[in-house]
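Asker: Given next are the chains, with one letter for each unit.
Number of protein chains: 4
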Amino acid sequence: MSRVPVAILGATGMVGQRLVQLLADHPWFELIELAASARSAGKPYGEAAPWRLPGDPPASFIDQEVLACTPAAVSAPLVLSALDASVAHEIEGTFRAAGRLVVTNASAYRDDPAVPLVIPEVNPDHLALLDLQGPGGIVANPNCCAIPLAMVLAPLRTLGAIEAVAVSTWQAVSGAGYPGESAWDMVGSVHPHAGSEEAKLAVEPLKILGGPQAQARFPISARCVRVPTADGHLLGVHVRITGSPSAALVAQTLRDWRGACPPLPSLPTAPLRLTERRDRPNTRLDVDAGAGMQLTVGRIEACPVLGVKLFVLGHNTIRGAAGAALANAELLKATGRLQA
Amino acid sequence: MSRVPVAILGATGMVGQRLVQLLADHPWFELIELAASARSAGKPYGEAAPWRLPGDPPASFIDQEVLACTPAAVSAPLVLSALDASVAHEIEGTFRAAGRLVVTNASAYRDDPAVPLVIPEVNPDHLALLDLQGPGGIVANPNCCAIPLAMVLAPLRTLGAIEAVAVSTWQAVSGAGYPGESAWDMVGSVHPHAGSEEAKLAVEPLKILGGPQAQARFPISARCVRVPTADGHLLGVHVRITGSPSAALVAQTLRDWRGACPPLPSLPTAPLRLTERRDRPNTRLDVDAGAGMQLTVGRIEACPVLGVKLFVLGHNTIRGAAGAALANAELLKATGRLQA
Amino acid sequence: MSRVPVAILGATGMVGQRLVQLLADHPWFELIELAASARSAGKPYGEAAPWRLPGDPPASFIDQEVLACTPAAVSAPLVLSALDASVAHEIEGTFRAAGRLVVTNASAYRDDPAVPLVIPEVNPDHLALLDLQGPGGIVANPNCCAIPLAMVLAPLRTLGAIEAVAVSTWQAVSGAGYPGESAWDMVGSVHPHAGSEEAKLAVEPLKILGGPQAQARFPISARCVRVPTADGHLLGVHVRITGSPSAALVAQTLRDWRGACPPLPSLPTAPLRLTERRDRPNTRLDVDAGAGMQLTVGRIEACPVLGVKLFVLGHNTIRGAAGAALANAELLKATGRLQA
Amino acid sequence: MSRVPVAILGATGMVGQRLVQLLADHPWFELIELAASARSAGKPYGEAAPWRLPGDPPASFIDQEVLACTPAAVSAPLVLSALDASVAHEIEGTFRAAGRLVVTNASAYRDDPAVPLVIPEVNPDHLALLDLQGPGGIVANPNCCAIPLAMVLAPLRTLGAIEAVAVSTWQAVSGAGYPGESAWDMVGSVHPHAGSEEAKLAVEPLKILGGPQAQARFPISARCVRVPTADGHLLGVHVRITGSPSAALVAQTLRDWRGACPPLPSLPTAPLRLTERRDRPNTRLDVDAGAGMQLTVGRIEACPVLGVKLFVLGHNTIRGAAGAALANAELLKATGRLQA
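Chains as they are written, first to last, in our numbering: chain A, 1189 to 1528; chain B, 1189 to 1528; chain C, 1189 to 1528; chain D, 1189 to 1528.
The set of hints was computed from the structure by calculation and includes no laboratory data. Don't take each hint at face value.
Intra- or inter-copy, both count: the list cannot distinguish identical chains.
[Unchecked claim] With a Cα cut of at most 20 Å, we get these calculated SDA-like pairs of lysine to any residue: (1) Lys1388 <-> Arg1466; (2) Lys1521 <-> Thr1457; (3) Lys1388 <-> Asp1467.
Treat the numbers as computed from the prediction; the structure is a model and nothing was measured.
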């Protein structure tokens, strides 16, 4: 089977590099083009984007010329976007208007009713929204915290309606990109996330967990804190569910969950990995489960305020960003939408 | 005015050393005796307890002989205890039976109905319970997380009844004592607190915020996580209050609060220090406010689930332990109970 | 080809777990027995040694019973030892006396003239010392810092005699085992290594870089400092070489070096990986090169005091411990000594 | 005695804020003006420079207007400069030309033969160079690593001539200013300092330890590494001294050293504080000795390569920057040069 040619928009940043890493040897996709801002365009990728991830950059891309982020410069019919929020709306819109499929990690279109906000295991049916978008299309993945939150809530809907969620986070510095957080603010220190993380976490799960055209309705209150970890967002989730299922039933439900999508190359067999150890998940020790695509869930216990509580850990730049976009691209392929 | 002679039980540990530091030059108390386990007794303090706090140990104590933790060996009428939980119940009981006043940071007697669990600014009236205890007495301070939690809840009772609390923590490693947490588990990592912290946080505030003989009644759900900070526990608190006071009113109430006790040498004028900055409190930068005795409160905002939420940071081995015990001792003195 | 049955002595510690991980799916060896101290013997491995490495323990060993560290209990002809220094001398001696081949990471026999201290790429010929040991034998690998130091010095001997070395280290906490360093001492902090690391670093390279029966002779001065990294020891090496070769020549020599041993399953093609970037090696980003078995060398520059200087980084519990022992075992197999 | 009015140039950065902190309540100086770049000029200081140091900014400066860095805007006869290297040469030159005394932490003039590079305890006599500079003048302090290095070498000259130095560093992130190092590069990681630190360390001590007009001559080889500590540079120093004094003699000499300058308000009685503990200095625990102005020296031992070695730790933004400039200003006052 010939592989689908793909391009990356915003290939030089933290998430862009993760996309390059994940696409370097992909069974379904062939990475043919790397595009970035005007500052980088025209340079060899290795010079425009000094490699910041563990290990070496895929050798074949080091000398490849970085292209401008325009449909004229980029030929691939499928583009994965890791663009900065500030420019994503305009550039991604241009690509869609040019008939391309854009699978994006940026937040620009997440609240657009015509744009599906998709986690393959949770709401693959939302891809139907693409039919509203004309020849091209944009598919977005949620925020890096909204993904693990939605993924532990989704299977619980079989036990009762989600009524309320209070969530706290212990978020890694890679979530801020590069250079991102100042080391001065993080050495031996934690502090509240100053951006819009809490707001995103309050709304994105409602779109994901609703029907394609109808949002779920329950309050989500989030407290987001940056901690000195490199990769991996830990969430402490308190949830109220109609009927007040027991912690044991919640655990069994999460353990058994297999998701609603067909098998995809980037996805582990089980989206969730449960740990019985009281001091786990441990960010550094658990973050790479399932090559960074599997969540680790622990300490599922009764909560006297909302009913049940648990911890969930996910790799924020893989499961929560680059891998999330890639899995969405794989879902498009697996559901026949790349030939559309 | 002559100073009251005091002794420290458990003087060699992390909290014991903080007590030595805080008592080294105290206006009301004269530290005359240092006691510790049989392993340390008989040795010079500087040898039994290599100094682990920033700075040098108070010079006058380096060569002082460590005593056994018995009323026979220790003469001071007032003892401050930083004993390990495992031995505190027996030893502190022995001192009380010998007619001594024991001000303890240990958890052994916190749930004893006859033992006051006191934060001077919050419930100084609980000292009346001492009358139930016979000639000697034990006064306990709460857990290092329960103290800041109770201190932000206490003033809010003027706005309405506390109905429910969900709290998450970002806790420093000094809370585990020394050697405490393994560096392997904490370098670039966070993990759930494996001990009984969440359970303590669910019950201790109810005793503090009740009357001397009647506990408060509302559910508290806690998620406690150890993070790689040295000193300082950050709490994210969600609270439901009858009447749903606004975040602005909550902020004003906390800012104006001065506490219910007379001025004490260890207490700052205002128990709480409010910050307007979105990325604060920052553990390392804010932990030493008020010489470690003042809490920093920030991000007081509406919570769609419980009504209002905020962050509060406190120094866990000062405000949350050694300083808490010392302030209780000062309260005993200020209220005339040392002559009793 | 049938695989050689092997056992691990000291299987429950940090290095023991690395050995289990590395041997779980090995082409030449079949891990059949796990042995540890009396405290662990008789328990299932998963219970005796809660897994502390990233990822899950190999499933097949979780329920396997831990054996006592005696030749009677352990049947494998080849044992890999990760025993504590305090017990290694006696136990390893007992296994040798019973005719077993012991490949050890412990320091007990490193200075024994009859025991080869081997890095496969550097001094495989030292295995000839085994002939002095009787039917059984002990092969040791060097200390976790001595290995990278010896590995950058070894190829430079083709340029001239090594005359003097000054080395400083930035050492990860895993080098202290588990629980090892207290998090209190390491959060946002560094401190001199209090143990015998500097002394080992001053003598072990001389044995490795000498002939089997004659030590090399040059002074090594080491300053070892523990830093808050999880895995990976960085060394700053200053070296004086007869003839004062240029930094460029040193770089070329290190880049071209392939080592003196046959290809082994655990070894990368090139023992050393050179980086041109001024801010590398970076511990977290470079430590896993070559599955933790390849060293990263950078900043090779002229030194006005000793002639040339460079940085070298290696994974201390893989290249510097468990992987070092395993590579020695592979070397025994590749050189026909397992049939001896 | 009326206090001397002073201004700060570059008041908004990490070192500028330290200067504000140190000058807020100074016995000899009255801080009257805060100046910074065009981006900040005209704004209230509290808005131009959100406070990043522990604690609160001195209340009196929060609303003070930030001035432009020109002699027209700034009236004080004495200015302390924490300007960025990129602009320091021009601006400081302008102030000197306008007849002002400039005490600078910037590197722009450090190698100017007419500009004294001064550490009060080491070479106060270099101030005589001011006579070469005309009515105004510039006095520089050395780099944050060069200061502790020069301060441990200076007293050793009484034992013999310094012949060679090899030095390694474990440097805190505050040395890079704010935002400075990316947290991504520093969480659980260390890496070589990519800038000119090693070059500065090779030359600045030679100017300081020479006569006013004649540099010292000995080679210094430096390896500088950034580590995840907030404040405090640890140096491992190997030194060759004519006559090879013993470690014990070196220790005694350092312990007894009192420096060559008159008592100054910012200086501790003893410039150096010796520790006997094998695992000290510990950055976090020792950095604040002497209010950040005293160095901690430990592990003074024989070195088989250069003769003697030791560790020294100093607070890089106080002793190594803001406090160094302030002490130089105090030295000007104490030696009568402020009336010149």
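Asker: At most 20 Å between alpha carbons: which applies to Lys1521 and Thr1457, within, between, both or neither?
Answerer: within (18 Å within a copy, 38 Å between copies)
Asker: Reference check for the pair Lys1388 and Asp1467, CA-CA at most 20 Å: within, between, both, or neither?
Answerer: between (28 Å within a copy, 17 Å between copies)
Asker: With 20 Å as the alpha-carbon cut-off, assign the pair Lys1388 and Arg1466 to within, between, both or neither.
Answerer: between (29 Å within a copy, 16 Å between copies)
Checked against the numbered hints given earlier, this structure breaks none of them.
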